[in-house]
Amino acid sequence: MSALRTALGRVVALCGPHRVAVMIVFFVVFPWLMPYKALAINVLILGLFAVGFNIVFGYTGLLSFGHAAFFGLGAYGCGIAIARYGLPWPLALGAGVLLAGVGAVLIGGLSIRRRGIYFAMVTLALAQLVYYIFYQAEPITGGENGLRGVDVRTIALGPVALDFLAPTVKYYFVLVFVSLALWCLSRVLESPFGAVLEAIRENETRARACGFDVDGTKLAAFVLSGLFCGLAGGLKAMHLSIVPTEVLHYQTSGLVVIMALLGGMGTFFGPFVGAAVFLLIEDQVSLVTAQWQLVAGSLFMVFVLFFPNGIWGSLLQWVGRAP
Amino acid sequence: MSGETILSADGVGKTFGAFRALRDVSVAFPRGRLTSIIGPNGAGKSTFFNVISGALLPSEGRVVFEGRDITGLSQHLLARLGIAKSYQITSLFPQLTALENVRIAAQALVSRFGMWRPRSALPGLVDEATALLDGVGLGRRLGVPAAGLAHGEQRALEIAVALASRPRLLLLDEPTAGMSPEETRSIMELIVRLATERTVVLVEHKMKLVMNISDRVVVLHHGEVLAEGTPDEIRANDEVKRVYLGQGRPAAAGLR
Ligand SMILES: Nc1ncnc2c1ncn2[C@@H]1O[C@H](COP(=O)(O)OP(=O)(O)OP(=O)(O)O)[C@@H](O)[C@H]1O
Ligand SMILES: [Mg+2]
Chain A
8 MSALRTALGR VVALCGPHRV AVMIVFFVVF PWLMPYKALA INVLILGLFA
58 VGFNIVFGYT GLLSFGHAAF FGLGAYGCGI AIARYGLPWP LALGAGVLLA
108 GVGAVLIGGL SIRRRGIYFA MVTLALAQLV YYIFYQAEPI TGGENGLRGV
158 DVRTIALGPV ALDFLAPTVK YYFVLVFVSL ALWCLSRVLE SPFGAVLEAI
208 RENETRARAC GFDVDGTKLA AFVLSGLFCG LAGGLKAMHL SIVPTEVLHY
258 QTSGLVVIMA LLGGMGTFFG PFVGAAVFLL IEDQVSLVTA QWQLVAGSLF
308 MVFVLFFPNG IWGSLLQWVG RAP
Chain B
7 MSGETILSAD GVGKTFGAFR ALRDVSVAFP RGRLTSIIGP NGAGKSTFFN
57 VISGALLPSE GRVVFEGRDI TGLSQHLLAR LGIAKSYQIT SLFPQLTALE
107 NVRIAAQALV SRFGMWRPRS ALPGLVDEAT ALLDGVGLGR RLGVPAAGLA
157 HGEQRALEIA VALASRPRLL LLDEPTAGMS PEETRSIMEL IVRLATERTV
207 VLVEHKMKLV MNISDRVVVL HHGEVLAEGT PDEIRANDEV KRVYLGQGRP
257 AAAGLR
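Here the protein sequences line up with chains A and B, keeping their order.
In terms of the working numbering, the first sequence opens at residue 8 and continues consecutively.
In terms of the working numbering, the second sequence opens at residue 7 and continues consecutively.
With the rest of the complex left out, here is chain A (with noise of 0.2 Å):
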């Protein structure tokens, strides 16, 4: 066990630097592991959503509970581009990451200045309010009955036209997307920038006295976190071909806290074992009996009350890389 130990230690040092490349090796191998290709396919998605989530959570220290307004703008945003005005994709995809950040830049700017569980009600009210809007807008966003016509056939990758309805190539361009997600947010994290949230993390009025504007860099985080939370939004959109109104709601700011929770806060891979795990269950558990969320909500509650780092988190303590 402790040979294991030392070894799994090393492998994860070594790997450590190029966390990314790891990652995505990993990921193009993943479709063979999961049942079925839709499966991984979520799993990247709301993975990314968690990622997206954890830079406030996770780095920054901040428990937002209005997450879904990001993805749901960033999946209504595209779907909106696409079933409305039939713009392409690139273009759509695009407009969903600026309706997103436009709604964080509005919900941060209201949000960022108030404290531990008043951020996460305000967060929770501001994300409830998008809710009802897109909700009432029928006849722009399909109201109780979701967007439909989120059609996106083929992608075109120069002279060739790929089918995106094959599970495969929509996994491949998912992935392609999380990539480069993920490349940037290492980068981040590496960055000048990335320290500071590091510092906020660790102890707000110092970071304060040490001439950082707290306020300001909260909001910068909390503005890139929904620029990526709409990404994984508007990659949900063409991925389903419709826009469900769960995207807003708040059970689905609730999921993305469990996921972060349960693979583990503040760590690089954390978010997608969190959504792989979850998702697992919920497809695996789910042909047994349909008491599946109480199997969820068990594994949840052992997690926060026994491992507070989650499944990612605790393994890297266990190898003695504490996240």
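Please note: incorrect hints may appear among the correct ones.
Said to hold, decoys possible - What the simulated footprint calls covered on chain B by chain A, stretch by stretch (three residues with Cβ under 8 Å from a Cβ of chain A suffice, anywhere in the stretch; the number is not a length):
no., stretch
1, 63 to 70
2, 123 to 132
As the list claims (entries may be wrong) - With beta-carbon atoms standing in for the labels, derived distance ranges:
no., chain 1, residue 1, chain 2, residue 2, range
3, B, PRO129, A, TYR43, 47 to 53 Å
4, B, ALA127, A, LEU98, 31 to 37 Å
5, B, MET121, A, LEU312, 34 to 40 Å
6, A, LEU21, B, ALA127, 20 to 26 Å
7, B, PRO187, A, ALA28, 32 to 38 Å
8, A, ARG12, B, TRP122, 54 to 60 Å
9, B, PRO129, A, PRO24, 47 to 53 Å
10, B, ARG248, A, PRO315, 35 to 41 Å
11, B, TRP122, A, GLY304, 47 to 53 Å
12, B, HIS228, A, VAL309, 38 to 44 Å
Rather than coming from a laboratory, the hints here were simulated on the basis of the structure.
For each residue, glycine too, the CB sits at the ideal point set by N, CA and C.
Following the hints, put chain B with the ligands in place on chain A, whose structure we already have.
Using the frame of chain A, we list chain B with the ligands on its own:
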């Protein structure tokens, strides 16, 4: 003791609810000198530091730094303008190494929102942080997380972090709190050395030391300035004696 004033407080008051922690405090700190603020527990010394460093908004009065009214400016701006503080209760980045604690403080002067280039590409910060840690006697503890340092080492790190902001005005709130006599002596030597290059304001309870190293002393009592002057003047001040005798610790006060 004439000369240029680096910072002055003008009729500063601070209330917490109905409680007046500071009332009508007017003092001027001469540039390049070491001024100490003394006073019994609860006199308002830390509160005064918080007001002049921008951590607390004064309820009345104003604060002028290098000729500029800084009342109400936020603390992070004041830090960049040149006012740094070490905390009475150690306030560090516990999980970060001693080196990173100081490096990040130094980074605040050069990069705060840079998101693309790696932090390691910022020139000079690690060297600067290493030199500062050497200067406070932590040259061999660079890689140790702040939480893993001994109490005395953490106090020294506090000072190094404050120095990393390259302050022209350095506020030290009981830097030797909880230190052994030996550690206290070496920190005091350090402070005297620091005071040759910048203005230092020191809050300290160890009165003998204060009287030996300070150019000026301000005595706060119940949130008011009780006396102000050279150490000799303070020693001779009857009111100050009474306050400290009233506390029942004339010897500790070192006023004889
Ligand atoms: N945030 C606050 N809210 C309410 N009261 C406060 C607050 N901060 C300080 N006080 C009160 O103001 C008074 C002055 O406190 P302060 O910390 O400035 O004293 P001090 O001179 O630094 O004392 P010490 O020598 O014990 O450090 C105390 O009575 C304290 O209880
Ligand atoms: Mg105090």
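In ascending order, which of the hints set out earlier in this document are inconsistent with the structure? Hints 1, 7, 8, 9, 10, 11 and 12 contradicted; others consistent.
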